[in-house]
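Each chain is listed here by its residues.
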Amino acid sequence: MILLASIAPTFFKGMIDLVIRYYPLYLQGIMYTLILAIAGTLIGLFIAFILVIMKIQTLNHYGNLVTRVFKWISKRFAEMYVTVFRGTPMMVQAMLFYYGLARAGVRMPVLIAGLTVVSLNTAAYLTEILRSGLQGLDKGQKEAAESLGMSTRQIYQKILFPQAFRNMIPAIGNELIVNLKDTAVLSVIGTTELFYMGRSVAGAHYRYTEAFVIVALIYLGIVMVAVYGLRKLSETMGRESTHILKSESGDVT
Amino acid sequence: MISIQNLTKDFGEGAVLKNISLELKKGTVNVIIGPSGSGKTTLLRTLNHLEIPSEGSVIVDGVTLTPEKKILEQVRRNATMVFQGFHLFNHLSVLDNCTIAQRNVLKRTRQESEDKAYSALQKVGMNEFANRRPSQLSGGQKQRVGIARALAMDPKILLFDEPTSALDPEMVQEVLNVIRSLVTKNLTMVLVTHEMELARDIADRIIFMDQGNVVEDRTSNTIFTSPREARTKAFLGQFLTK
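From first to last, the protein sequence lines are chains A and B. Heads up: the first sequence at position 52 corresponds to 65 in this note's numbering, and the numbers run straight through without jumps. Heads up: the second sequence at position 19 corresponds to 359 in this note's numbering, and the numbers run straight through without jumps.
Among the hints, a few may not be true.
[As the list claims (entries may be wrong)] Here are some of the chain A residues that sit facing chain B, going by a computed Cβ distance under 8 Å:
no.	residue
1	Gly153
2	Glu159
3	Ser160
4	Leu161
5	Lys171
6	Ile172
7	Pro175
8	Ile182
9	Lys194
10	Asp195
[Claimed, not checked] Once the Cα atoms are required to be at most 30 Å apart in a straight line, the calculated DSSO-like pairs of lysine-lysine come out as:
no.	chain 1	residue 1	chain 2	residue 2
11	B	Lys456	B	Lys496
12	B	Lys463	A	Lys155
13	B	Lys573	A	Lys155
14	A	Lys155	B	Lys358
15	A	Lys155	B	Lys447
16	A	Lys152	B	Lys573
[Unchecked claim] Listing some non-contacts, in silico: residues in chain B with all C-beta distances to chain A over 10 Å:
no.	residue
17	Asn418
18	Ser459
19	Leu516
20	Asn526
21	Thr559
Since the hints were made in silico from the structure, they are not lab data. Positions of the beta carbon are idealized from the N, C-alpha and C atoms, including for glycine.
This is chain A alone, in the form it adopts within the complex:
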């Protein structure tokens, strides 16, 4: 106890000292982490929409040969994509992507490389989330739309995705929170996100504990804000689903 009491003032003083001296680095780290996590989740979601359509196609013997072959290839590609990206660590994917491209003569800015890896990785997880969201919907929704003569594209775009998406918002939020923390692994390719900056500050003064307590507190703060925001969003969506809403036709009720 006595030892702790004697260390504590020095420790906190050291932390404050690091914050005052290096806050621009921490701020840049925070900014990069937010860009990577938010943009990566959104781009990943966009890719996941395409992948899930490829993955849930029904293979049958109707239609012409070219269409059937295209369907088969795209379905198998989506399945393989999800298996590979979920089956390997994002850190390994980042190393292979960045250094693989470098070896092929392509020098990509680290932020772009990092964002690409996060997006591709997130897409694999969100594809599975979307798939289970779609398959969790009542089969009758699709049948009702079919029985009204709607095309497959219209059914997914207007009926199924909007309902599945609403149910999936908590899962997409979880993916964002995971990304806020897991983007730390992109430091291996030199992406200057929060963890990388924390390590740089720590290395400059050999104050690893102080520097990483600051990093941990920042991550915790960002995640708490994200959790709060997502909870508010879920509550709003929940209210919308049980209350009278602005209709698609534009009437406010």
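Assemble chain B onto chain A, guided by the hints.
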């Protein structure tokens, strides 16, 4: 209007429909009755290819149904279905449930589709609920919206799959009254139902099915007074009139 030729459906555990052939005339009300598991719902669902027949064919208004997308979409917009479980689009208001297919399939303008939707909702007595969500409606109200959604497409054929089976007894009557009011010479109706009184009141023809076969196919007056087959007689029981 609808020609069913040598129709067989097998889900892999024995045929559910066994070599059925029927001709359903334009503007008639055709009611399919029979015990549970007799294949009546499967037969109805093959009429717009929600179930694809294993053998045989269905010809609707001169078009032979195939799983080709274009043909299915063309036939389905003219042969809409009312489901036992309603299947309203939960994320849309009542009005949007009735306009979404009109706008996307029939390419009607917003104004046209809303006018048509309100007219259909008026027919089923639900126009005051246009801005509600399906979750805010009772079972009977949901089914009336389901009927309005189908009607708004101006179908030539209306298919009903046990439209009152999922309803509380006190809500059944409101839906039955709506169905009764729809009978016109311009609309061909095919109903699968256990409501014998409804069948007796509105049917031009009653088809009795059992174990995947059409056991008896008669006009309503005769089937309720003098069924030919013993199986029909046993099924109709208390509904037989002397």
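Going through the hints against the structure:
no.: 1; hint: Gly153; result: 4 Å, holds
no.: 2; hint: Glu159; result: 7 Å, holds
no.: 3; hint: Ser160; result: 4 Å, holds
no.: 4; hint: Leu161; result: 4 Å, holds
no.: 5; hint: Lys171; result: 6 Å, holds
no.: 6; hint: Ile172; result: 6 Å, holds
no.: 7; hint: Pro175; result: 5 Å, holds
no.: 8; hint: Ile182; result: 13 Å, violated
no.: 9; hint: Lys194; result: 32 Å, violated
no.: 10; hint: Asp195; result: 32 Å, violated
no.: 11; hint: B:Lys456 x B:Lys496; result: 15 Å, holds
no.: 12; hint: B:Lys463 x A:Lys155; result: 26 Å, holds
no.: 13; hint: B:Lys573 x A:Lys155; result: 38 Å, violated
no.: 14; hint: A:Lys155 x B:Lys358; result: 27 Å, holds
no.: 15; hint: A:Lys155 x B:Lys447; result: 20 Å, holds
no.: 16; hint: A:Lys152 x B:Lys573; result: 36 Å, violated
no.: 17; hint: Asn418; result: 8 Å, violated
no.: 18; hint: Ser459; result: 15 Å, holds
no.: 19; hint: Leu516; result: 21 Å, holds
no.: 20; hint: Asn526; result: 19 Å, holds
no.: 21; hint: Thr559; result: 28 Å, holds
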